[in-house]
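*Asks:* Heads up: the sequence lines are chains R and Y, in that order.
In terms of my numbering, the first sequence opens at residue 1 and continues consecutively.
In terms of my numbering, the second sequence opens at residue 1001 and continues consecutively.
FYI, nobody ran anything at the bench for these hints, they're computed from the structure.
Note that the coordinates shown come from a computational prediction; the quantities given were computed from them, not determined experimentally.
The beta carbon of each residue, even a glycine, is placed where N, CA and C say it ideally should be.
A portion of the hints provided could be inaccurate.
[What the hints assert, rightly or not] Here are some chain R residues pointing at chain Y (derived, C-beta under 7 Å):
id, residue
1, L16
2, H50
3, F62
4, M135
Here is how the chains run, residue by residue.
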Amino acid sequence: MVRGLAGEAAAYAELLTLMSRYFRGYFGRRLGAGAAELEDLVQDTLLTIHLKRETYDLNQPFTPWAYMLARYKLLDHFRRDRARTMVPLEDAGALFATENAEEGAVRRDLGKLLGALPPRQSQLLQDVKLTGLSMEEAAAKSGMSVSAVKVSVHRGLKTMAKRVRDADG
Amino acid sequence: MRTDELIAVLAGAATPVPPGRAQRRLLLACLIGLAGAVFLVFGAHLLPAKHDFAEQIRTAPFWMKPAYAAWFAVGAFMLVDRMGRPGAKPTAGRLVLIGALVAIAGLAAINLATTAPDLRMHALIGRSARFCPIAIMISAIPALVAVMIALRGMAPTRLTRAGLAAGLLAGGVGASVYALWCRETTAAFVAVWYTLGIVAVGGVGALLGPLVLRW
C-alpha cells in the first residue's frame, strides 16, 4: 500500500488483487459463497480503497483499515437490501442466471497455466481434459501413439500442479 | 466489469498521494470555521463592539479562555482525524481532551478556593452564564459545517462518534473565537460554561453524524 500510495502501479495492482481475494472470502462467509452480489461488493470495496486511499495512515496497519472499509460496504449493502422489494417467484429464475465471475477467474488462471506448457502438450491437455476427447481420439488427432499421449497428459498435469503449489507457497 | 479489469483500471489511476493530504483538508476546514466564527463574533454586528481590547490583552485570564478552547480543539482535531480513518485508534486525541478538562478543572478549583465564599457564586455564574453556551454554539456553526464536509470526504465508519468528535472540534474552534469577545475572567466560569457550550456542539454533531456523514 505504501508503494501504491507513492504511485507504483504494479505494486498497487498486486495489492488490490490480493485484497480482492481476501474480500471475496470475507463477503462470502457473510453472504454465503456464490451470492450474486458478492463480486459487486468486492469491486465496490476495491473502488473504495482506491477513492479513500488518502485516509490510510502510513503509521497504522493496513489490514484493519481495509477490513473496516469492507465492513462499511457490507453494512451499506444490508441497509440497501432491506429497502429492496421482494422478487416474485416467477421472476426468481433471473436471479440465478447471473454469470459467475469466479468461473471467469478460474478460466483465466487455467489459460495462464496451459500457456506455460509446451504447445503440443497444452493442446493434448485441452483435447483430453477440457474438450473431452478420448485418449485414442487425441492420439489420432496429434499423430502420436496412445501411450505417448497418456504420458504427455500425465506429465502436463503434474507440471501444472507443481506450478500452482509453487505460486501458493 | 470483471474484477481483474477493475484492478487494472485502478492501478492505472494510481497517482501518488502526498501523505497528510486528509489532515491538511481538515485543517483548512478548521481555518474556514475560524474565519466564519470571527465574522459572526466581530463582523456581523450581532454582538456589541469591543473597545477595551488593548487593555484586556495584557491580562492572563484573558488568554486562559482561548487557550483552553484551543487546547480542546487540538484534542478534538486529533480525534476527528482518527475517526475519519477506518480502524484507527483515537487514544492520543482522547488523552489531549482529558488533559484540557483536567487543566481547566484544576484552575477552576484553585480559582474557587481562593475566592471569598460569598463571591464564589459570582465567579461561577459571572454576568453571561446563560448567554455564553448559546454564543459558543452559534460561533461554532461555520466550523461544524466545514469540518463535517471535510470528514465526509475522509472515510468515517462510526458515524455517531465521528459526528461527536467533529462537534467537539467545531465547538472548540467557535469557543476560541468567542473567548476573545467574552468579558468573563474566572476559570470557574470557563470550566463550566465554555465546556457546556462545546459539549453541546458535540451533541449536535453526534446527532447529525449518522444523517450527514454517510458516504
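*Asks:* Decide, hint by hint, whether the structure agrees.
*Replies:* Results of checking the hints against the structure:
1. L16: Check passed: Cβ of L16 of chain R comes within 4 Å of chain Y, closer than 7 Å.
2. H50: The hint holds - H50 of chain R has a Cβ within 7 Å of chain Y, the shortest such distance being about 5 Å.
3. F62: Hint on F62 of chain R: violated, closest Cβ of chain Y at ~9 Å, above 7 Å.
4. M135: violated (34 Å)
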